[in-house]
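Participant: Protein chains in written order, with our numbering: chain P, 1377 to 1488; chain H, 6 to 118.
No lab work stands behind these hints: they were computed from the structure.
One or more of the hints may lead you astray.
[Said to hold, decoys possible] Which stretches of chain H does chain P cover? Using the computed rule of at least three CB atoms under 8 Å from a CB of chain P, they are:
1. 30-39
2. 46-55
3. 92-100
4. 109-115
C-beta: ideal position from N, C-alpha, C; glycine also.
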Amino acid sequence: EAQVTQNPRYLITVTGKKLTVTCSQNMNHEYMSWYRQDPGLGLRQIYYSMNVEVTDKGDVPEGYKVSRKEKRNFPLILESPSPNQTSLYFCASSPPDNSPLHFGNGTRLTVT
Amino acid sequence: QKEVEQNSGPLSVPEGAIASLNCTYSDRGSQSFFWYRQYSGKSPELIMSIYSNGDKEDGRFTAQLNKASQYVSLLIRDSQPSDSATYLCAVKFASGGSYIPTFGRGTSLIVHP
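Construct the complete structure from the given sequences, taking the supplied hints into account.
Facilitator: Printed below as a string of structure tokens:
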């Protein structure tokens, strides 16, 4: 089954404790992206990647890191999480053409 | 800056009515347009894609695209309470040989019995 898999689905952590949210897709898509979603603010892009070893900042990259060492994986890293990073996170992928984005199931992150 | 604008709503319609959701975009070179439905706390689900001017129908959903006016809409006929959700408009614009998606903030739809 073609899918984008995010893990974990839920995560509660404390300020300053490094964490990684994984994202993997099995559709051989070049483009991958991370979004955060907060009430009233819609989907805001954190980082995106056009292909392996090619990443770019989105609209809200501060406090986040990404890497794209393999085509299928695009992990999101929070080196020192803060409470303002409490949010719902989505990973998405697509081919580099006009095709639509495919979304993962989301990760609900709470930082206390 | 590529922008996609939607009225945040909520748009409230009675069961059985037609719901009309609208979206405007800033980049005239945009090539592809999508509507996603998102239930609270869930991931966006693709419901319609449209690439050329005119109407595209799929069941109770009709997407309408007018590139000259930079306007795309979604009509939901015979609205049901289960259609209550946030609807996201997404536009892909060309950038360096690839296509980058931009999302609107979404319109909240409430269908009341």
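Participant: Against each hint, give a clear statement of whether it holds in the structure.
Facilitator: Results for each hint:
With 3 residues having a Cβ less than 8 Å from any Cβ of chain P, the stretch 30-39 of chain H passes the three-residue criterion, so the hint holds. Here's how the stretch 46-55 of chain H fares: 7 of its residues keep a CB closer than 8 Å to some CB of chain P, so the rule of at least three is met and the hint holds. Chain P is given as covering the stretch 92-100 of chain H, and this holds because 3 residues of the stretch bring a CB closer than 8 Å to a CB of that chain, at least three being needed. Under the rule that three or more residues need a Cβ within less than 8 Å of chain P, the assignment of the stretch 109-115 of chain H holds, with 3 such residues.
The structure shown violates none of the earlier numbered hints.
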